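Assemble chain B with the ligands onto chain A, guided by the hints.
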Amino acid sequence: MNRLAIILAQFQFWPDQGSTLAGDVDRLFWTLTGVCGTILLAIAFVIIYFLAKYRRSNPNVDRSLGDKPTLPAEATWTVIPFFIFIGMFIWGSIIYFHKNQVPREAIEIEVIGKQWMWKIQHPEGKKEINELHVPLGKTIKLIMTSQDVIHDFGLPAFRVKEDVLPGRYTTEWFTPTKTGVFRIFCNQYCGTDHANMTGQVYVMEPQAYAAWLRSGMNPTPIVQAGGELYRSLGCSGCHEPNGVVRAPSLHGLFGHPVPLQDGRVVIADERYLRDCILLNYEIPASYEPVMPSFAGRLSEDQIYQLIAYIKSLAANEPETASVP
Amino acid sequence: MANGTSTIDVGTEEFPALPGQEKGTLTGWIQDLVFTVDHKKLGLLYIGTAWLFFVAAGIMATLIRLQVAWPGNHVVDPATFNALFTMHGTIMIFWVAMPLIFGFANYVVPLQIGARDMAFPRLNAFSFWLTFFSGCLLMFSYVAGPSLYGASGPPQVAWFALAPLTSRAFYPGPSVDYWSLSLLVSGIGSVTGGVNVMTTIFCYRTKGMTLYRMPLFTWATLTTMFLVVVFLPPLSAAQIMLTLQRYAGAKFFEPLAGGSPILWQHFFWIFGHPEVYILVLPAFGILSEVIPVFSRKPIFGYPMMVAAIVLIGFVSAGVWAHHMFTVGLNSFSVTFFAFATLVIAIPTGLKIFNWVGTMYGGKIRYELPMLFCLAFILQFLIAGLTGVMLGVAPFDWQLNDSYFVVAHFHYVIVGGIVFGIFAGTYYWYPKAFGRMMDNRLGLWHFWLFLIGFHLTFDPQHFSGILGMPRRIYTYQPGRGWEIWNLLSTIGAFFQAAGALLFVINLFWSAWKGKEAGEDPWDAWTLEWETTSPPPDYNFETLPEVRSRRPLWDLKHPEDPDWKFE
Ligand code: HEC
Ligand SMILES: [Cu+2]
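Protein sequence lines correspond, in order, to chains A and B. Residue numbers for the first sequence follow the working numbering, so the first one is 1 and each next one is one higher. Residue numbers for the second sequence follow the working numbering, so the first one is 1 and each next one is one higher.
Just so you know, the hints here were simulated from the structure itself, not pulled from any lab data. Just so you know, not all the hints are guaranteed correct.
Covered stretches of chain A, as calculated for chain B (at least 3 residues, CB under 8 Å) [stated by the list, open to error]:
(1) 9 to 18
(2) 127 to 135
(3) 145 to 158
(4) 278 to 287
Below, simulated PhoX-like cross-link-like pairs (lysine-lysine); rule was C-alpha separation at most 20 Å, straight line [claimed, not checked]:
(5) A:K53 / B:K363
(6) B:K297 / B:K363
(7) A:K99 / A:K126
(8) A:K126 / A:K114
(9) A:K53 / A:K114
(10) A:K53 / B:K297
One side only, chain B facing chain A, incomplete, derived with CB under 10 Å [what the hints assert, rightly or not]:
(11) P347
(12) G391
(13) P394
As the structure is a computational prediction, the values presented were derived from the model and not from experiment. Built from N, CA and C at the ideal position, the CB exists for glycine as well.
Next up, chain A with everything else stripped away, as it sits in the complex (with noise of 0.2 Å):
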């Protein structure tokens, strides 16, 4: 008997549920899972009936159909499944459209994949390795690139991955919604160790989340480690106001607009950000396309710093912003 139950007790059928997203997504599985289930109930039903009753050997059985025209039955199992995946297909839409809104306030954390480990820095400077802390209740955004071939940051319990790609950032978001540790995951196959590429997610109270920052030693802050490369660097003697060069002010342009000199319009996110300083092909309208490019001579983490610098411009512009 207790047998029996320790080996029920393997049985596992159902991840926890970690993060706000999962009750979302985990009613539209059952549901979608009970659609299905009930469809494919149906038709094994009809074909196992059939094939009793029209086996060969049952003579008594009235096969004479007449000449009864196919279409209107096709068009019937054409119409209703359409309808039913076209449903689900709305459903399904909604929630990722859910999902693609970051909501405003959250946590940026910046991931960094790599064989066989992830890279993970708090915007307070903390740095961890295959492990992310977070506080409960709050909504984090994983901020996430690599640094060689493409992974995949999954948790499961939070029903959220994405792939996280050389050379360009990926964002997934999560709000984490009962304290406890859960498992990260790489996805994507990346080489050798793959399979040891894993980690764990630490949910904390927020005052236990505060108190882990500050232990251990103090790291400079995200923002100002930008800043100060963004001086050593010489950006500032271009991008600053009464700079040697015509260059375009940063203050205030995450999150806005740019026209190019091509006639596109793009938004400035961290992709834009991150080529215009390594690849610099994206040029801004009415500029010279003198920068020199920094690709080679910064590391992902230096680049993830001077973005951070470049965003936190945004939220408070100084009076004297250069307008071109």
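Below, chain B with the ligands without anything else, positioned relative to chain A:
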């Protein structure tokens, strides 16, 4: 070839054979196979090659399952494991499934349309040998020595080989090149083969065989070959780009130089998703032949069945990016691809309903081909429904690249395509060898394989939902995955046993099977009009067709089909 004339002079005169080519000697037999341009022999060669690679890749699969049977197991080391699943996936798709499709197309299509051979018999042999040797090239990576740039070994990049993992920085030796170049070569073979089959179908149908009277298997093959010709070239292009990047300093997938790793994924999946339909359409075709014959009724709604095949072919071109929902595409693309993915379910559903409609009012015979078809229908239905679920974007945050996906596509490929191919094999084997396949062995094969299939892949849905990522060579205990993995591994052995009986049956029946005669199933399409096995020239007199079921007309002159068309 005598394709143009409607009768052929069979002749009685035997030409003296050249030394080493005498009939009945071993060398003669080998030379016959190597130099043959006969579509039937090439078809069988394709199929034989496929089963050979099937055994190889099946052994790899068993090793994979053994390694992950329980947490912390150590059967192979990580690098070997990564090579195993890379090779397993690549071989199963390109050197098992594809040759099977081409083998059946080669063998059956010319017979079904009343042609004497393919349009370009020598090109046909060329396509086959490219397929065969490209497979050997890939397998050779296991024994190859080091190159200028580093040690060799089998590729370890997974079957879709995401950039930038394939660049020289990560795999300096030639292992990735074996992968890439063998696919390039096999791609050429497939495209030439596709052109050949399409030309044959368009130009060599016998008198009266209009497109609207063509058997559904031929229709399915036609659409498949169209997809092959259109969608394999992007893959070949991607291989060339990859090689240029590895050895000529190109930067297509290099983010720091303005390239993009996503570009590779687009190229790969533009090919990769239609590939699923390339493989599954012929299986649909097989079902559309077998189910009517064993229900003793013409197919339900022939016009819509044709329309559905063609529609699936077209829509399959627009769904590739649903493999990429988690790479951070913009939301418009995601919605578009999610929608297309759902739309493709509609014609597929229609086919399933029409097969059921065919059984309605029939006189169903439970022979082996029919059993495999029935299993196909239910399994494919499940695969389709989990596919629709995966197509709903939010699930991808939970399920993408997890074992759930593994379960889903094995349901499509094994539960669907492989079962369909088994049905086709039991159905046409008597035609090719003149003997029936052994029924007892066949039943054992069916049940073992069915149980094994479900035991292997049903549990993977749950380990996937519980978050188990694909392609991990080991895992920690206590995540709820143990029991599912153990069941899955046990299932693999059932499947292996079933497959073994099948292979034994293939040989045994060719030697000891019951004589089949021309038309053992009392079927209606042209291939059953000629002898089993058919002569080199297929038909003594090219038949003339007046309806979709020419053999019915022949057997029932009092009530022919053409009266109703
Ligand atoms: C030699 C002067 C110079 C230096 C040094 C310089 N920039 Fe620039 N930057 C420019 C100019 C000129 C432009 C506009 C034309 C272009 O993009 O080349 C620009 C454009 C930009 C843009 C796009 C602004 C917009 O309005 O769209 C960003 C972001 C940026 N720079 C960030 C930086 C950062 C960060 C650094 C330091 C790592 C830096 N720049 C260093 C001259 C400079
Ligand atoms: Cu990884």
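Quiz item: Looking at the structure, which of the earlier hints fail to hold?
Solution: 2, 7, 9
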